[in-house]
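2 protein chains.
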Amino acid sequence: MGGSILKLLEDKIKKEGIVLPNNVLKVDSFLNHQVDPKLMYEVGKEFKRLFGDLGVTKILTVESSGIAPAVMAGLAMDVPVVFARKHKSLTLTDDMFTADVYSYTKQTSNTISIAKRFINDQDKILIIDDFLANGQAVSGLFDIADAAKIDVVGVGIVIEKTFQKGRKLIEQHNVRLEALARISKLTDDGQVEFEN
Amino acid sequence: MGGSILKLLEDKIKKEGIVLPNNVLKVDSFLNHQVDPKLMYEVGKEFKRLFGDLGVTKILTVESSGIAPAVMAGLAMDVPVVFARKHKSLTLTDDMFTADVYSYTKQTSNTISIAKRFINDQDKILIIDDFLANGQAVSGLFDIADAAKIDVVGVGIVIEKTFQKGRKLIEQHNVRLEALARISKLTDDGQVEFEN
Numbered sequence: 078m079g080g081s082i083l084k085l086l087e088d089k090i091k092k093e094g095i096v097l098p099n100n101v102l103k104v105d106s107f108l109n110h111q112v113d114p115k116l117m118y119e120v121g122k123e124f125k126r127l128f129g130d131l132g133v134t135k136i137l138t139v140e141s142s143g144i145a146p147a148v149m150a151g152l153a154m155d156v157p158v159v160f161a162r163k164h165k166s167l168t169l170t171d172d173m174f175t176a177d178v179y180s181y182t183k184q185t186s187n188t189i190s191i192a193k194r195f196i197n198d199q200d201k202i203l204i205i206d207d208f209l210a211n212g213q214a215v216s217g218l219f220d221i222a223d224a225a226k227i228d229v230v231g232v233g234i235v236i237e238k239t240f241q242k243g244r245k246l247i248e249q250h251n252v253r254l255e256a257l258a259r260i261s262k263l264t265d266d267g268q269v270e271f272e273n
Numbered sequence: 078m079g080g081s082i083l084k085l086l087e088d089k090i091k092k093e094g095i096v097l098p099n100n101v102l103k104v105d106s107f108l109n110h111q112v113d114p115k116l117m118y119e120v121g122k123e124f125k126r127l128f129g130d131l132g133v134t135k136i137l138t139v140e141s142s143g144i145a146p147a148v149m150a151g152l153a154m155d156v157p158v159v160f161a162r163k164h165k166s167l168t169l170t171d172d173m174f175t176a177d178v179y180s181y182t183k184q185t186s187n188t189i190s191i192a193k194r195f196i197n198d199q200d201k202i203l204i205i206d207d208f209l210a211n212g213q214a215v216s217g218l219f220d221i222a223d224a225a226k227i228d229v230v231g232v233g234i235v236i237e238k239t240f241q242k243g244r245k246l247i248e249q250h251n252v253r254l255e256a257l258a259r260i261s262k263l264t265d266d267g268q269v270e271f272e273n
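From first to last, the protein sequence lines are chains B and H. Number 238 in the numbering used here belongs to position 161 of the first sequence; there are no gaps in the numbering. Number 206 in the numbering used here belongs to position 129 of the second sequence; there are no gaps in the numbering.
Calculated directly from the structure, the hints in this document are not laboratory data. Each hint should be verified, as a subset may be incorrect.
Copies of the same chain are indistinguishable here, so a pair counts whether it falls within one copy or spans any two.
[To be verified] The calculated lysine-lysine pairs, modelled on DSSO-like cross-linking and capped at a C-alpha distance of 30 Å, are:
1) Lys115 <-> Lys226
2) Lys84 <-> Lys163
3) Lys193 <-> Lys103
4) Lys89 <-> Lys103
5) Lys84 <-> Lys226
6) Lys92 <-> Lys103
7) Lys262 <-> Lys226
8) Lys226 <-> Lys89
9) Lys91 <-> Lys245
10) Lys135 <-> Lys262
11) Lys201 <-> Lys262
12) Lys91 <-> Lys135
13) Lys201 <-> Lys91
14) Lys92 <-> Lys135
15) Lys135 <-> Lys163
These figures come from a predicted structure and were not determined experimentally.
Hey, can you work out the whole structure from these sequences and the hints?
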């Protein structure tokens, strides 16, 4: 079961992924701009297989590319999904939890925010995101979870670049971390190598 | 079939929708911030029922709130989804189709863009969006479709405010337009009235 979605994903990445300078992998043909709904449905089912035993009550993600895999995981696990909004400038409001997120790719800082009324201290949170590279977006969601005093029980990632520091950052939180496709190297001639 | 999803949606809107000044309806508990995946799945199936005979090859929407219903429609209809990106400032690039979209709610202009390589002149496009009010986002997608010389065969909307001008704008394009929940009035005391 797990094997087949992993193979589907790796094949898609090999076939359609575009390696850009500075270790950027573009997968906008099925995840970040164009979305393959059936593949996302399989991704959602796989997240259920990986995290279904943890009593998850809510899924958090960040707009926009996290939404498709998170909503499919929510469908499979029958829990609501909340996507954090990104804002260029910080508009502080009392009814929002906010965190700052730095994007190494874009070299800009965003504020992400979640309305307080959609999370409460009884929730068991699963964080889903499309990519794990330097871990900034996921760390921002952990900051929000800490501020809200809620328990994050798992982090599910569609594509991880294992040669960047994201995993190390997240492992500090003592949480189950699962990435479906794990990329160990992007070569200068545009090849993608996976962890075996 | 159509009746049950309509009732589900109307009940959700009545129960959870928040009426704000200037005819703004907030439905961020199931569509715009928190997402109800099962409801979105039913929405997707309903769009297939309404547009499944048109030979749709691709669904277009706009980030972020359009993504969940569009991806569920794409799952039901087995076609890819492309979500247009919003940018505050226009970064012209040769490989993107762009259009300007004015938001009456936020009183700002955004540029939306779609990579040229994800649409071609053989495509039959279904546009999906969460809301139809003044029709600016959908019109922006029509502008992109015109620039790309592709055929838009349908427009599917989750919630329409029928007292605003969006429908009129879209009907000029001679296209099948279907809105699931159709709101005729938002009252001063916070009630939502539906078209019957």
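Results of checking the hints against the structure:
no., hint, result
1, Lys115 <-> Lys226, "between (35 Å within a copy, 27 Å between copies)"
2, Lys84 <-> Lys163, "neither (32 Å within a copy, 32 Å between copies)"
3, Lys193 <-> Lys103, "between (33 Å within a copy, 15 Å between copies)"
4, Lys89 <-> Lys103, "within (12 Å within a copy, 38 Å between copies)"
5, Lys84 <-> Lys226, "neither (37 Å within a copy, 36 Å between copies)"
6, Lys92 <-> Lys103, "within (12 Å within a copy, 41 Å between copies)"
7, Lys262 <-> Lys226, "neither (36 Å within a copy, 39 Å between copies)"
8, Lys226 <-> Lys89, "between (38 Å within a copy, 28 Å between copies)"
9, Lys91 <-> Lys245, "within (25 Å within a copy, 45 Å between copies)"
10, Lys135 <-> Lys262, "neither (33 Å within a copy, 33 Å between copies)"
11, Lys201 <-> Lys262, "neither (33 Å within a copy, 38 Å between copies)"
12, Lys91 <-> Lys135, "between (32 Å within a copy, 23 Å between copies)"
13, Lys201 <-> Lys91, "between (35 Å within a copy, 28 Å between copies)"
14, Lys92 <-> Lys135, "between (33 Å within a copy, 20 Å between copies)"
15, Lys135 <-> Lys163, "both (19 Å within a copy, 27 Å between copies)"
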